[in-house]
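Here is what each chain is made of, one letter per residue.
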Amino acid sequence: MRITKTVAAATTAVLMAGVLGACGTSKGGSTNAAGEIEITCATCQKSATDPFLQFNFEAAQRFNEANKGKYHVKTLQNANAGSGDARLQYYQRLALANDLPDVFQLNSAEIKSLSGTGKLHDFAPDLKADAKWAASFQPRAFDALSGRDGQRWAIPQQQDPIGIFYNRKLLKSVGYDSFPTTWDDFEAMAAKLKGAGATPIALDGDWATLLMWSNLIGTQPAGSAFLTSEIATSKDWSTNQAAVKATERLRGWQAKGFVNADSFSGDFQNAASKYLAGKAAAVPNGPWFVKTNLKSANASPGLYDVTDAAPSPGWDSGQGLIVVSGAGWVSGTSDQTKLEAVGAFVRFMSSTDEVVKQAKATGSNPPVKVPAATVDAAGLEPLSSRLVTQIPRVAQTFPHARVHGPGGIDAAWKNLWPAYVKGEIDTKAFLSRLAAESAAGS
Amino acid sequence: MLPALVLFALFFLVPLVVLAVTAFSRWGGVDFAFTGLDNYRRLFSDPVFWKAAGNTLFYCGASMVIQVPLGVAVGMTLAMKVPGWKVFRTIIFIPFVISGAAYALVFSMFYNPSYGLLNNLLAPVTGGQHDWLFDSGTARWAVAGTFVFIIGFVVVVVIAEVAAIPTELLEAAEVDGASLIQRQLFIVLPLLRNIIGTVILVRLLVDIGMFDLVFILTSGGPDNATTTLALYAYRAYVQGQWGYANAAGSVILILGATLIVTVRRAFRIGERAL
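If you read the sequences in order, they're chains A and B.
1 is the number of the first residue of the first sequence in this note's numbering; add one for each residue after it.
1 is the number of the first residue of the second sequence in this note's numbering; add one for each residue after it.
The hints are simulated quantities; they were obtained by calculation from the structure and are not laboratory data.
There may be inaccurate statements among the hints.
[To be verified] For the chain A half of the interface with chain B, some residues (derived, Cβ under 8 Å), not all of them:
1. Ala225
2. Ser229
3. Ala232
4. Asp262
5. Ile391
[What the hints assert, rightly or not] With a Cα cut of at most 30 Å, we get these calculated DSS-like pairs of lysine-lysine:
6. A:Lys422 x B:Lys51
7. A:Lys295 x A:Lys172
8. B:Lys51 x A:Lys235
[To be verified] Selected chain B positions facing chain A (Cβ under 7 Å, derived; list incomplete):
9. Asn112
10. Ser114
11. Gln129
12. Phe134
13. Thr138
14. Pro222
Yeah, the Cβ is synthetic: ideal placement off N, Cα and C, and Gly gets one too.
When you get a sec, could you build the whole thing from the sequences and use the hints?
Shown next, in the form of structure tokens:
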């Protein structure tokens, strides 16, 4: 009996050692059964609702096909793959556990936070070693994805101009054939639209409201400098005159009723639904708005045909445009063999063919320079790509406050903005606290 | 016995010890250093913490004022087996069993100033589109107002307790000439003392750690008018200040324990009512 028990225990021990050994090999190893270097992707899953994820899934299949026998992207099913409040925490936990996926996507604020863990791969040496690849990107494409010491934490996924979508029919009804080019004219139009029973501009108390705040700051002489550098420092924002002027004007719109009544919720769908129902004359957002909202079943019939996109008005005559490359491919591996496959994958994803396919599938714009003839031949969605041609024509280009601002700016804004609009805190207190609370939350 | 002890230690004692120790440290998951009372000094000098503590107590109070009396009244009424009482019991219990997140989403639509049911109902009186959740004057009350619909637990417990009351007592009172209302007020209600204390305890346990409802409805805004201690601790946690978050968590524990001991004594829970 004792012998049987001893044999059973020894067999179990050997089996367990084998299993653990196999686990160890699987964890540390880089190749799969087919001998391919296998990397995990946490944002390459199928999605019926997120066109970016769906594109990534299809692109990963193409990559696997093109690299059969060499590299293989393994899709991880990830509930936090799409952008959302919980995504950063999810990856932070994985970083703590030293278990980040080999490749995944983050936005600029998330990259800023996650790079602090020291677990993100720095692509700067890869780009330095491949000058042709590095030169293929649009100028400033890495602005929001870089570290203070020149690190390149991500390979840009897109570079989009973010403008204002407007309803030509509603504007025409109050005598406007095109979108205003100055803020004074915009406010005059807003008063007329309000009088006609329409919401002049649909906002949400978060993303879209911050977009308009950025436009109001960036179209002032020193505004662009604030949005690209000062906003990231620990300076008190209430000392910046461009920020003060913009904030007070934006508050004025709320007070005058130029904005939808549910503009404090922080839910962009509240703003989008007003526009899609034909009740709001304008809504600020990026080119992806066409695919995800304007061409969805939620849009009222014929709305797409009467919608156009414009750069932001300016304080005098010079208009402005937010240009962002706010999301990118990051890697959480330090395994050199896997990094070889990661390098191949991100090069593949930033190739002309793939960025054009992505633009077609999602409405976003390529992060790399694409010949005009290629763009024309691809027949990209016209409304989505219309603002790209306007970039050289506008007087100012500047980033969204989210891109260079501290990571906690959304939460701080959502908390303080309603109280400021209601007059419970003054402009100085609002901007000082916004700066401090944004920095604390990053 | 041993498995129970292991589970108790694993899921209660260990987290409690971790919380108690790390509340006196600077800890972000990797770095760790004891900092004495620094976290508590910072906590007690932060006006947002006091706002959060005040809001948490406000929600506990609102729960006691809204849910318990309403739940007991509805429970006592349904216990009389009025026509359709089983259907009403089910309807009233539904909000208690659906997830807090779904419940909060329904109420964010209910309070929406543009298309919300509340503004539509009040339109003839107010004539405007009031943003109940994002006005500092109404936000706390709007969140507390959702409590009205979470009385299912109290109702079901009260119905069960009333059913356990010997019918002889009520029949004797009826023979002595006591009216229905007198029987409910002077016989049934005093016999519910124990169970009312118990439901107050259960509600306090839920409300002292209130998070999901506020997080989804308002994220704690505007200007922290609805921030609770749990949300305050959560914010510190996501900012990587785990030691500080645990210091805030320890305040929730102490506050909860104090309230629970007080309620247990006030209602003499555990002593026989009959």
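Hint check:
no.	hint	in the structure
1	Ala225	violated, 28 Å
2	Ser229	violated, 23 Å
3	Ala232	violated, 17 Å
4	Asp262	holds, 5 Å
5	Ile391	violated, 34 Å
6	A:Lys422 x B:Lys51	holds, 19 Å
7	A:Lys295 x A:Lys172	holds, 22 Å
8	B:Lys51 x A:Lys235	holds, 26 Å
9	Asn112	holds, 5 Å
10	Ser114	holds, 5 Å
11	Gln129	holds, 4 Å
12	Phe134	holds, 4 Å
13	Thr138	violated, 11 Å
14	Pro222	holds, 4 Å
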